[in-house]
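These protein sequence lines map, in sequence, to chains A and B.
Per our numbering, residue 1 is the first one in the first sequence, and the count goes up by one each step.
Per our numbering, residue 1 is the first one in the second sequence, and the count goes up by one each step.
For the record, the hints were derived by calculation from the structure and aren't laboratory data.
Worth double-checking, as some hints may not be accurate.
DSSO-like mimics (lysine-lysine), calculated; alpha carbons at most 30 Å apart, straight line [claimed, not checked]:
1) B:LYS38 with A:LYS247
2) B:LYS38 with A:LYS161
3) A:LYS161 with A:LYS73
4) A:LYS166 with A:LYS22
5) B:LYS272 with B:LYS240
6) A:LYS222 with B:LYS342
7) B:LYS557 with B:LYS547
8) A:LYS161 with A:LYS264
9) B:LYS255 with B:LYS240
10) A:LYS222 with A:LYS166
11) B:LYS342 with B:LYS241
12) A:LYS264 with B:LYS38
13) A:LYS157 with B:LYS272
14) B:LYS342 with B:LYS272
15) B:LYS219 with B:LYS240
16) B:LYS38 with A:LYS166
17) A:LYS253 with B:LYS272
18) B:LYS240 with B:LYS116
19) B:LYS547 with B:LYS241
20) A:LYS22 with A:LYS222
21) B:LYS241 with B:LYS272
Far from chain B by the CB rule (all over 12 Å, computed), these chain A residues [unchecked claim]:
22) ASP54
23) LEU56
24) HIS58
25) ASP60
26) VAL133
27) TYR203
28) PRO221
29) PRO235
30) GLY267
31) ASP271
32) PHE273
Bear in mind the structure is a predicted one, so any value in this text is a computation, not a measurement.
Backbone N, C-alpha and C fix where the C-beta goes; we use that ideal spot for every residue, glycine too.
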Amino acid sequence: MLQRFLDPATLASISGLDLVAKTVVDGFVAGLHRSPYFGFSQEFAEYRAYSEGDDLRHVDWNVFARTDRCYLKRYRGETNSQLLVMLDTSASMSYGSHEVHKMDYARFVAASLVYMGSQQRDAAGLIVFDEDVVNYVAPSTRQGQLFRLLHAIEEAKVGTKTDIAKPFIHFQNFLHRRGIAVVISDFYEDPDVVVRTIEPLRYKGNEVILFHILDPQEIHPKFREPVLLVDLEEPAQSLEVSPEYAKNEYRVKINAHIEALSSKARGAGLDYFLMDTARPLDEGLREYLSVRKGIL
Amino acid sequence: MGFLTPWFLAGAVAVGLPIWLHLLRKHKTTPLPFASLKFFEKRTQSSIKHRKLRYLVLFALRTALILLLVLAFAHPYMQQQLLPMQRSGVVTVVAIDNSLSMRASDYLAQAKQMAKSVISGLVPGQRGQVLAFGARVQAMSEVTDDHSSLNAAVDSIEASDTRTSFAELSRSLRSIANSLHLPLTAHIYSDMQASGMPANFNDLRLNADVKLATHPLVKSAPANFTVENVVAPRRVYDAKKQRVLATIAGYNSPKSTKKVTLELNGREVESKSAEVSANGRASVEFFSMDVPYGRNQGEVRIDGGDALPADDVFYFSVERSDPRPALFVQEPGTNASLLYFKAALEASGQSAFALEPATADQLANVSPSRYSFVVLSDIGALPASFENALKEYVRGGGNVLITLGHAASGRARVPVADLPIAGASYTGGEGERFQSATSLDPSYPSIQKDNHWEDVKFYRAIRVQPLQARVVGRLGDQMPLLLDVQLGDGHVLVFSSTFDNIDNDFPLHASFVPFVEQTARYLGRLDQGPPSVQVGSFSELRDSKEKGAAVDVMDPKGERVLSLEEATKAQNVQFTMAGFYDIRRPNGRNELVAVNSDRRESDLTPATPDSLQLWQNTASGTSDGGGGSAETQKPLSLWWYVMIAVLLLALAESLLGNRHLSVDKEAA
Numbered sequence: 001m002l003q004r005f006l007d008p009a010t011l012a013s014i015s016g017l018d019l020v021a022k023t024v025v026d027g028f029v030a031g032l033h034r035s036p037y038f039g040f041s042q043e044f045a046e047y048r049a050y051s052e053g054d055d056l057r058h059v060d061w062n063v064f065a066r067t068d069r070c071y072l073k074r075y076r077g078e079t080n081s082q083l084l085v086m087l088d089t090s091a092s093m094s095y096g097s098h099e100v101h102k103m104d105y106a107r108f109v110a111a112s113l114v115y116m117g118s119q120q121r122d123a124a125g126l127i128v129f130d131e132d133v134v135n136y137v138a139p140s141t142r143q144g145q146l147f148r149l150l151h152a153i154e155e156a157k158v159g160t161k162t163d164i165a166k167p168f169i170h171f172q173n174f175l176h177r178r179g180i181a182v183v184i185s186d187f188y189e190d191p192d193v194v195v196r197t198i199e200p201l202r203y204k205g206n207e208v209i210l211f212h213i214l215d216p217q218e219i220h221p222k223f224r225e226p227v228l229l230v231d232l233e234e235p236a237q238s239l240e241v242s243p244e245y246a247k248n249e250y251r252v253k254i255n256a257h258i259e260a261l262s263s264k265a266r267g268a269g270l271d272y273f274l275m276d277t278a279r280p281l282d283e284g285l286r287e288y289l290s291v292r293k294g295i296l
Numbered sequence: 001m002g003f004l005t006p007w008f009l010a011g012a013v014a015v016g017l018p019i020w021l022h023l024l025r026k027h028k029t030t031p032l033p034f035a036s037l038k039f040f041e042k043r044t045q046s047s048i049k050h051r052k053l054r055y056l057v058l059f060a061l062r063t064a065l066i067l068l069l070v071l072a073f074a075h076p077y078m079q080q081q082l083l084p085m086q087r088s089g090v091v092t093v094v095a096i097d098n099s100l101s102m103r104a105s106d107y108l109a110q111a112k113q114m115a116k117s118v119i120s121g122l123v124p125g126q127r128g129q130v131l132a133f134g135a136r137v138q139a140m141s142e143v144t145d146d147h148s149s150l151n152a153a154v155d156s157i158e159a160s161d162t163r164t165s166f167a168e169l170s171r172s173l174r175s176i177a178n179s180l181h182l183p184l185t186a187h188i189y190s191d192m193q194a195s196g197m198p199a200n201f202n203d204l205r206l207n208a209d210v211k212l213a214t215h216p217l218v219k220s221a222p223a224n225f226t227v228e229n230v231v232a233p234r235r236v237y238d239a240k241k242q243r244v245l246a247t248i249a250g251y252n253s254p255k256s257t258k259k260v261t262l263e264l265n266g267r268e269v270e271s272k273s274a275e276v277s278a279n280g281r282a283s284v285e286f287f288s289m290d291v292p293y294g295r296n297q298g299e300v301r302i303d304g305g306d307a308l309p310a311d312d313v314f315y316f317s318v319e320r321s322d323p324r325p326a327l328f329v330q331e332p333g334t335n336a337s338l339l340y341f342k343a344a345l346e347a348s349g350q351s352a353f354a355l356e357p358a359t360a361d362q363l364a365n366v367s368p369s370r371y372s373f374v375v376l377s378d379i380g381a382l383p384a385s386f387e388n389a390l391k392e393y394v395r396g397g398g399n400v401l402i403t404l405g406h407a408a409s410g411r412a413r414v415p416v417a418d419l420p421i422a423g424a425s426y427t428g429g430e431g432e433r434f435q436s437a438t439s440l441d442p443s444y445p446s447i448q449k450d451n452h453w454e455d456v457k458f459y460r461a462i463r464v465q466p467l468q469a470r471v472v473g474r475l476g477d478q479m480p481l482l483l484d485v486q487l488g489d490g491h492v493l494v495f496s497s498t499f500d501n502i503d504n505d506f507p508l509h510a511s512f513v514p515f516v517e518q519t520a521r522y523l524g525r526l527d528q529g530p531p532s533v534q535v536g537s538f539s540e541l542r543d544s545k546e547k548g549a550a551v552d553v554m555d556p557k558g559e560r561v562l563s564l565e566e567a568t569k570a571q572n573v574q575f576t577m578a579g580f581y582d583i584r585r586p587n588g589r590n591e592l593v594a595v596n597s598d599r600r601e602s603d604l605t606p607a608t609p610d611s612l613q614l615w616q617n618t619a620s621g622t623s624d625g626g627g628g629s630a631e632t633q634k635p636l637s638l639w640w641y642v643m644i645a646v647l648l649l650a651l652a653e654s655l656l657g658n659r660h661l662s663v664d665k666e667a668a
């Protein structure tokens, strides 16, 4: 049942990205709590004095009983970190062979990440880009940051063509603190270029996760008859393709691209995760949490 | 090439379906947005061409399949040239007529000579068969290429006394052609009698692969006289001279006077002259035949000198024996019934029975078994022992006639038959004074000759309940008048009135005499039989009780007809030659059977040439007597070849289509 709420098709029926994010994260978290293998880190870190408005569930009542003072327990993971989500909105991200397009899926992932980050009091931020930076929400833990982020994600529209190099030059300027940088894109670019472009983020002590968003038809295309394909980023470019080619040669190429990107990314110290838009989101979130755990 | 059902070619329009599917219906090239064409290369176009080419192959297969199916339905054929002239494997059949008419002149010898010349004309290795035909066809040889055996078969043919049947010959030729599956050339040597032609011309039809050559031996009909028929008694019981009536016939003959001679046991009895008109008949009566005791051979002859002497004599047999006794039982003091019964018997000329009267009190030591039949005339009381003996007699095959009158009215039941008596029926002064017989069964032997009893007046009758008895006649009030009760192998005939001219006036009517004669004949099992039978007819040799007993049959030549095994098993025998057959039956009763040939053979008029030509035309080819056939064409059906091609194409189409389908399935 929990899996159902992480199913992209189910999420697509939920109106409101905030609700989507909440559904995903709460469901994911609930699944984590039930699992003996996964879970938030509950390791005690320190006490903090109670401030008005804090959640009373975290009050250490034993201390209160002994000292008549309210102190909140603080655990590992609650330590503030920075999360920067970089969302690709190039034209190729608008492709979809089922009811959930890549763009929608990317939004779900981005929203879920910033929601989870805000839950953990991380300073979450967002960069929307295509061939250039389209929108930027600076990481912050201020009140309303989550809504700003979700709104920005929701407002992200499909842009132009992909040019990962140009926006990432500007990313350097946005990263002021160590944290986690999550790049959500379909990475239709040469793997060397991608890694070379993103790798510098790593040098600043950030953990970088590449979420490679692809539609199932992009991974395993199936055509009944010859089709005339039109490039979403360059509409003037079209090509008639036979089912046999799509079944054979294309799959070889796409698999080689994915493999190259994965190996080069890992080789450069970047985390890589391929996300099929037909599959539930929890796998990507689990990947994020494992990385976060590693840096904290 | 042609088509047996060419209108099916219109189905070729169905080829438009694969044309539309593969060529006219263009591939959908609706633009489909895709994320990136980065991993697609230009050489995909060549794969499109390759795919199209493969589809074209599928299209070609489907088109060819549809066209071949249409072709199969149109049933194509090709004219096949048949080899002309020599028909390989042709069998020559030589059929020689050996019926009675072939005894005329030297017809049979001529036929044999001509048949042998045909056999000598056969090339070595060419097969033939010899047949002899009359009423039946006899294979004188097997189908063989041994010409000497064929000649021997021809030599072995003898003249017979049978009549001609060309229908039987045609049937045999059809049968031979069907069994051999080879072309036949049939040569028929016969006088081609018109009387041998069947009534239904269809019986003469021959197979398509039979060539017929007729060789008439007679061009014009010769004159012939014959003793056509003789009427004579089969059995006589007294020494009276018997009447014999002979009919003399002439065919294609001028007016002539013929001497007709009656012979008995080889001795001439009487001769008379008969004036026979041209192509006419004459009757001759003989009244002086004195028949001695026993079996006698009679013959009526005419003087010869015509074309066919074999039919100038007519055989008949006549047997003389003593009259068989019949017991007539009556009440003492009554004589009227006996007198009327006996007078009627004598008036009918029936001398086979001698009535022996007896009264009821004289029956103590009388055994009914020695009598042909027994009459109980209005008997009141019957000794029980005699009644029992009568019942046994009837069960054993004897027959009894019982009349009922005043004496019987006091009885509760009819003796021997055990039918209940309900009383007497009298006609009184008030109402009708007499009754009449209103319904009579004309099939009953006693009534067959004369069933007109309308004028007979019945004043009194005994009311008998019929129970299971067969009611042969009834009076006006539906009271049974004549009943037949079967007891075992015998019958009891019950007449509900008397023969004494008191209870009725039946003895005064003309119908009384045939009634008495037929009743006596029926009761006495008197089987007169004809004085002669025809060649080809059969005679029963035994009944069910004589199974396993030996029967001896001697033919006119004095030779035994049946083998040892047949003598104990044969149920009947066929008479194959004219003359006298001596049959010695298991019950000791010997019989002399006179057999004569069918007098239709006496008419030597040949069949018309038109009839013979029509007969020849029922077979294929000409009547040139064995020459080669002209070059002919035979349609050769191509249907099987087309269907094999359809099968192969369907196989190829399904294999190729399946390959494409696997890609489509995966795409789906």
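For each hint, the structure was consulted:
Our distance criterion of 30 Å between C-alpha atoms is met by B:LYS38 and A:LYS247, whose separation comes to about 16 Å. A hinted pair counts as satisfied when its Cα atoms are at most 30 Å apart, and B:LYS38 with A:LYS161 qualifies at roughly 13 Å. The hinted pair formed by A:LYS161 and A:LYS73 fails the criterion: a straight-line CA distance of about 48 Å is larger than 30 Å. Note on A:LYS166 and A:LYS22: the hinted pairing is violated, with a Cα-Cα distance of about 33 Å set against a maximum of 30 Å.
Proposed proximity of B:LYS272 and B:LYS240 is supported: the alpha carbons are some 21 Å apart, at most 30 Å. Under the criterion of a C-alpha separation no larger than 30 Å, the hint pairing A:LYS222 with B:LYS342 is inconsistent with the structure, at around 121 Å. A C-alpha spacing of about 27 Å is found between B:LYS557 and B:LYS547, which places the hinted pair at or below 30 Å, so the restraint holds. Of the supplied pair hints, the one linking A:LYS161 and A:LYS264 holds, its CA atoms being roughly 23 Å apart against a limit of 30 Å.
Between B:LYS255 and B:LYS240, the direct Cα distance comes to roughly 35 Å. Violation of the 30 Å bound is thereby established for this hinted pair. For the suggested pair A:LYS222 and A:LYS166, the alpha carbons sit about 34 Å apart, so the restraint of at most 30 Å is broken. Taking the CA atoms of B:LYS342 and B:LYS241, the gap is about 22 Å. The hint holds against a cut of 30 Å. For the proposed pair A:LYS264 and B:LYS38, the alpha carbon gap of about 19 Å is at most 30 Å, so the pair holds.
Pair hint A:LYS157 plus B:LYS272 does not hold up; C-alpha atoms about 145 Å apart against a cutoff of 30 Å. Under the criterion of a C-alpha separation no larger than 30 Å, the hint pairing B:LYS342 with B:LYS272 is inconsistent with the structure, at around 37 Å. A hinted pair counts as satisfied when its Cα atoms are at most 30 Å apart, and B:LYS219 with B:LYS240 does not qualify at roughly 50 Å. Pair hint B:LYS38 plus A:LYS166 holds up; C-alpha atoms about 20 Å apart against a cutoff of 30 Å.
Of the supplied pair hints, the one linking A:LYS253 and B:LYS272 is violated, its CA atoms being roughly 132 Å apart against a limit of 30 Å. Restraint check for B:LYS240 and B:LYS116: not satisfied, since their Cα atoms lie roughly 57 Å apart, outside the 30 Å limit. Distance hint between B:LYS547 and B:LYS241 is unfulfilled; the C-alpha atoms sit about 39 Å from each other, more than 30 Å. Restraint check for A:LYS22 and A:LYS222: not satisfied, since their Cα atoms lie roughly 35 Å apart, outside the 30 Å limit.
Taken as a hint, the B:LYS241 and B:LYS272 pair is honoured in the structure, with Cα atoms around 17 Å apart against an allowance of 30 Å. The Cβ of A:ASP54 sits about 47 Å from the closest Cβ of chain B, beyond the 12 Å cut-off, so the non-interface label holds. Taking the minimum C-beta to C-beta distance to chain B, about 50 Å, the non-interface status of A:LEU56 holds against the 12 Å cut. Residue placement check: A:HIS58 keeps its beta carbon more than 12 Å from all beta carbons of chain B (closest about 46 Å).
With a closest Cβ-Cβ approach of about 53 Å to chain B, A:ASP60 is found to remain outside the 12 Å limit, as its non-interface label requires. The non-interface label for A:VAL133 is consistent with chain B: the shortest C-beta to C-beta separation is roughly 21 Å, beyond 12 Å. Separation of A:TYR203 from chain B is adequate, the least Cβ-Cβ distance of about 29 Å exceeding the 12 Å criterion. Consistency note on A:PRO221: stated as away from chain B, yet its beta-carbon is not over 12 Å from all of that chain's, at 8 Å minimum.
The non-interface label for A:PRO235 is inconsistent with chain B: the shortest C-beta to C-beta separation is roughly 8 Å, within 12 Å. Every Cβ of chain B is farther than 12 Å from the Cβ of A:GLY267; the closest lies at roughly 22 Å, confirming the non-interface assignment. Listed as a non-interface residue, A:ASP271 keeps its Cβ farther than 12 Å from every Cβ of chain B; the least gap is roughly 23 Å. For A:PHE273, the condition that its CB be more than 12 Å from all CB atoms of chain B holds, with the nearest at approximately 18 Å.
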